[in-house]
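There are 2 protein chains.
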Amino acid sequence: MLSLKHISINSFNENIIYLHKDCEAYKVDEISNMTKVEVHGGVTPIFGFLEIIEDDGILATNELGLNNEAFKLINLPEGADVSLTIAPQPPSIPFIKRKMLGNILSETEYVAIINDISNHRYSNIDTAAFLIATGSFMTAPETLSLTQSLVGNKVFHWDNENIVVDHHCLGGIPGNKTDIIITAIIAAYGMPILKTASRSITSCAGVADTFSVLANVDLDEQKIRQLIENERGVIVDYNTLPLVSACKMLSSIERTLGISQQHNIVSEILAIKLASGVTNLVLDIPVGPTSRIKSIENAVQIRKLVEYIGDMLSLKIDAVITDGSEPIGYGVGAVLEARDVMKVLRNRDDAPQDLREKSLFLAGRILEFDPKLRGGQGYLVAKEILQSGRALEAINRIIYNQGKAPQARLGNLTREITATRSGIVDSINNQRITHLGILAGAGQYPGAGFDLLKKVGDSVSAGEPLYIIHSTNSNDFAMANSAIDSDNGYEIK
Amino acid sequence: MLSLKHISINSFNENIIYLHKDCEAYKVDEISNMTKVEVHGGVTPIFGFLEIIEDDGILATNELGLNNEAFKLINLPEGADVSLTIAPQPPSIPFIKRKMLGNILSETEYVAIINDISNHRYSNIDTAAFLIATGSFMTAPETLSLTQSLVGNKVFHWDNENIVVDHHCLGGIPGNKTDIIITAIIAAYGMPILKTASRSITSCAGVADTFSVLANVDLDEQKIRQLIENERGVIVDYNTLPLVSACKMLSSIERTLGISQQHNIVSEILAIKLASGVTNLVLDIPVGPTSRIKSIENAVQIRKLVEYIGDMLSLKIDAVITDGSEPIGYGVGAVLEARDVMKVLRNRDDAPQDLREKSLFLAGRILEFDPKLRGGQGYLVAKEILQSGRALEAINRIIYNQGKAPQARLGNLTREITATRSGIVDSINNQRITHLGILAGAGQYPGAGFDLLKKVGDSVSAGEPLYIIHSTNSNDFAMANSAIDSDNGYEIK
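Residue numbers (this note's numbering), protein chains in the order written: chain A, 477 to 969; chain B, 477 to 969.
You may find that some hints are simply not true.
For identical chains, the list gives no copy identity; a pair is met inside one copy or between any two copies.
[Claimed, not checked] Derived DSSO-like pairs: lysine-lysine, alpha-carbon spacing no greater than 27 Å straight-line:
(1) 573 x 770
(2) 548 x 930
(3) 724 x 573
(4) 880 x 497
(5) 481 x 497
(6) 969 x 770
(7) 859 x 819
(8) 724 x 503
(9) 497 x 724
(10) 503 x 880
(11) 931 x 880
(12) 497 x 548
(13) 848 x 630
(14) 724 x 859
(15) 792 x 780
(16) 930 x 819
It is worth saying that the hints were derived from the structure and are not from the lab.
Just so we're clear, the structure is a prediction, and the values are computed from it rather than from any experiment.
The shape of chain A in the complex, shown without the other chains (with noise of 0.2 Å):
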């Protein structure tokens, strides 16, 4: 038996339990690899990799050391009592080797994956692992088995509702907040929207890092339903929820890897919508040559994986496939897109139309699932909603009610980035402005991210500015310009 010590250390997602090099109780000395381990005491016990410390002054040779996540997991006082054992492989380890082999897996197999990897009993190489094996081929019954999966068994239930809605997009468009503006329109025509956001995972910023500047995204449920009830409409970083925990797990090893995969995507975001108790959803599917979906063909296979997996779980999907072929808006990175966002919604002169006409056309196609409203009247009825300046009012409440975020701050390292020579805008990759915009430190500081001054189809004579980079620490801002330097992701013809 060892006395358990907190050490209060995070390791963002991994649970490590510490040991020291001369522990009483284990021989420590035997053990040379990464070795997986199992702390009992608690309730449960908690699954970790072992570290070895070698200083008294953090633990002592009778103790047992937890980290953060662990700590919090085991649920009990240090100076407890607790052993240790090496932990068995998890029982659902075998099923990913079989994938690796380009097996079929059943449900029961997926959900015993998904069982141990919400347990805790996978360390982030297990779902790592998972992730890639999964990402190369899953048939459309294992992509709805995974999506069932992730589900769980602690979903949302709005008795009072007959319909809650949602929108999202499966992404790769810099720019692309329509989300925002979306939700504003259906608060305001009275049409309840939860709208489950997410942190990016592989773009300069996602609908949760962009709303987080105007509010407060992290909220319980109990807020949850008070938003739904009275303003009917709520944007949420759906990582603060007590659903999907497997989910979030996975999006965290999907950022570390730089990975988003379609199955899995595809998977993840109808579970977060069916675990958080909406009915009807729309679904953006962008393309475009530097999109992440590239071709139509590949968008109505994706269309048609939604389509059946929304059938078989009674989620009513309206899939839309829209133009990717270019960033939407002009901001890239939360807080200029969220300058976008509410430029939009004030009907300002200078308000991005590209990123306007798109919120109102798929804001449109939600309202069309009103089985009041007169067929092909969703768009004009979302214009008017817009112009009317409800959309904006409805925003506000709903900021007003999450809780105003604190003022957000522009990088202010910037440059003017100029054309070379002069000509029409003949294409923006968003690939290259994605990965310019994270170098420049978008994803992981808000203030970061480009300003483009110049849209496709638009004439610039050399010199004159295509975009302006925003970095917030000199480091990242150096990295980009280089990068810049070498290719800043317009064409100019």
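Given the coordinates of chain A, work out where chain B should sit on it, guided by the hints.
Same frame as chain A, but now just chain B:
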């Protein structure tokens, strides 16, 4: 700038960079995800994952902490000025994504990946992604590229030798420790044999584990050269050599994931042999229904693959397909396997005959590499060397010169596993025995394992013992016993 501090934590292969949560130089509170960072100040930047310490007693707000791994790499004294940046994605990560999508990677791409791994630019998660992405499908030229990349720049040269031989088994058969007997015979013959052995990855004991029961296997280059020159044989844990650093990282992750993928394992084995300067290799490919390689077709595929790689890289390979239908010898686990090996070398009557015969057969194949030997005489010469006691003398000299190991004790928690019915042992399941042995503590503790009393074809009465389990701690013992009670790995008919 922050002041460098060594936090003496051993994380087994991952570099960890610690900042205080109120760090004076970096806004730590804006970081919510696992973040790869780069520490500057040494000759080259150190890559690692960021962890946040909340305890002033461990790290001050003006300090940056490095764990053992990272502190060793940065090669600076405590108190040195260091700074930190967010690490850019390693340049080769996009190649892994290409592989995940089914592409064939070029040699340049493999070189870039292995370079990034060797230079500690990959996290363990990235390395896992690479292993899984390549594990399901690699062409022969890709396996060649991977092998070449793994060899790297540092290679042993044996200018005074015309030939340096080695033997390796692809594994999957419990107890199969022919290597030590083969080394003794070949060394006694006078042919230089450099046995690069490894620790267990998915087995109960690697050759390095078993030989470390008898001798020190942690040798430097000078010692190896002395042994080859004077004793004509050496058995070294390749992990202790300044060679193939990327191989070591791959196998560390393979061990953690519990996977061993054919193409990866082949590349790693051949890279180790090439880097250690081996010219001629006998590769044992055991086939059986419960071995790693289950069909002759698969074994022939592997034989052709290694012949192709050997021909391209000037390593002469004699790939031998052998019977892998049941465990070899009686002992499973390092201490018990070492006992079997010494019984064979001592020509004891109770030595396991299958281990003896297989060792003679394979040693004979190696001896046939000698152009002076009359064709077909290898086996007979090997047998003569063993029977005469010269092999025993050779191994004793090798053990003496490598340094005798302290007496390792057999686990004293024991139980006889008995037959539930009378009959003939029809089969022994290699995979089940391996699984049960690992539960019993083998792989982790040299003294744990099984002593097999009955082999296939033996007759047995109900209640008669089939094998004895040995564990060194009660938890392993309980786990193994409970698993044995549901399936002890023996089929009696």
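Comparing the hints with the structure gives:
Only between protomers do residue 573 and residue 770 lie at most 27 Å apart by alpha-carbon distance; the minimum there is 16 Å, versus 30 Å within a single protomer. Within a single copy, residue 548 and residue 930 get their C-alpha atoms no closer than 50 Å, and across copies no closer than 49 Å, so neither meets the 27 Å cut-off. In the homo-oligomer, the alpha carbons of residue 724 and residue 573 lie at most 27 Å apart both inside one protomer (23 Å) and across protomers (21 Å), since each shortest distance falls under that limit. Proximity of residue 880 to residue 497 under the C-alpha cut-off of 27 Å is restricted to the inter-copy arrangement: shortest distance 25 Å between copies versus 49 Å within a copy.
Taking identical chains as interchangeable, the C-alpha atoms of residue 481 and residue 497 lie at most 27 Å apart whether they share a chain (15 Å) or sit on different chains (19 Å). When the C-alpha separation of residue 969 and residue 770 is checked against a cutoff of 27 Å, the pair qualifies only within one copy, where the shortest distance is 22 Å, while the shortest distance between copies is 60 Å. For the homomeric pair residue 859 and residue 819, the shortest alpha-carbon distance inside one copy (15 Å) is at most 27 Å, but the shortest distance between copies (89 Å) is not. For the identical chains of this complex, residue 724 and residue 503 are inter-copy neighbours only, at 24 Å across copies versus 35 Å inside a copy, given an alpha-carbon limit of 27 Å.
Taking identical chains as interchangeable, the C-alpha atoms of residue 497 and residue 724 lie at most 27 Å apart only when they sit on different chains, with a minimum of 23 Å there against 34 Å within one chain. When the C-alpha separation of residue 503 and residue 880 is checked against a cutoff of 27 Å, the pair qualifies only between copies, where the shortest distance is 22 Å, while the shortest distance within a copy is 54 Å. Taking the closest pair of Cα atoms, residue 931 and residue 880 never come within 27 Å of each other, the shortest separation being 32 Å inside a single copy and 74 Å across copies. Taking the shortest Cα distances, residue 497 and residue 548 sit within 27 Å of each other both inside one copy (24 Å) and across copies (18 Å).
In this assembly of identical chains, the alpha carbons of residue 848 and residue 630 never lie at most 27 Å apart, being 32 Å within a copy and 75 Å across copies at closest. Taking the closest pair of Cα atoms, residue 724 and residue 859 never come within 27 Å of each other, the shortest separation being 35 Å inside a single copy and 62 Å across copies. For the identical chains of this complex, residue 792 and residue 780 are intra-copy neighbours only, at 13 Å inside a copy versus 53 Å across copies, given an alpha-carbon limit of 27 Å. In this assembly of identical chains, the alpha carbons of residue 930 and residue 819 lie at most 27 Å apart only when taken from the same copy (17 Å versus 81 Å across copies).
In summary, the numbered hints that this structure violates are 2, 11, 13 and 14.
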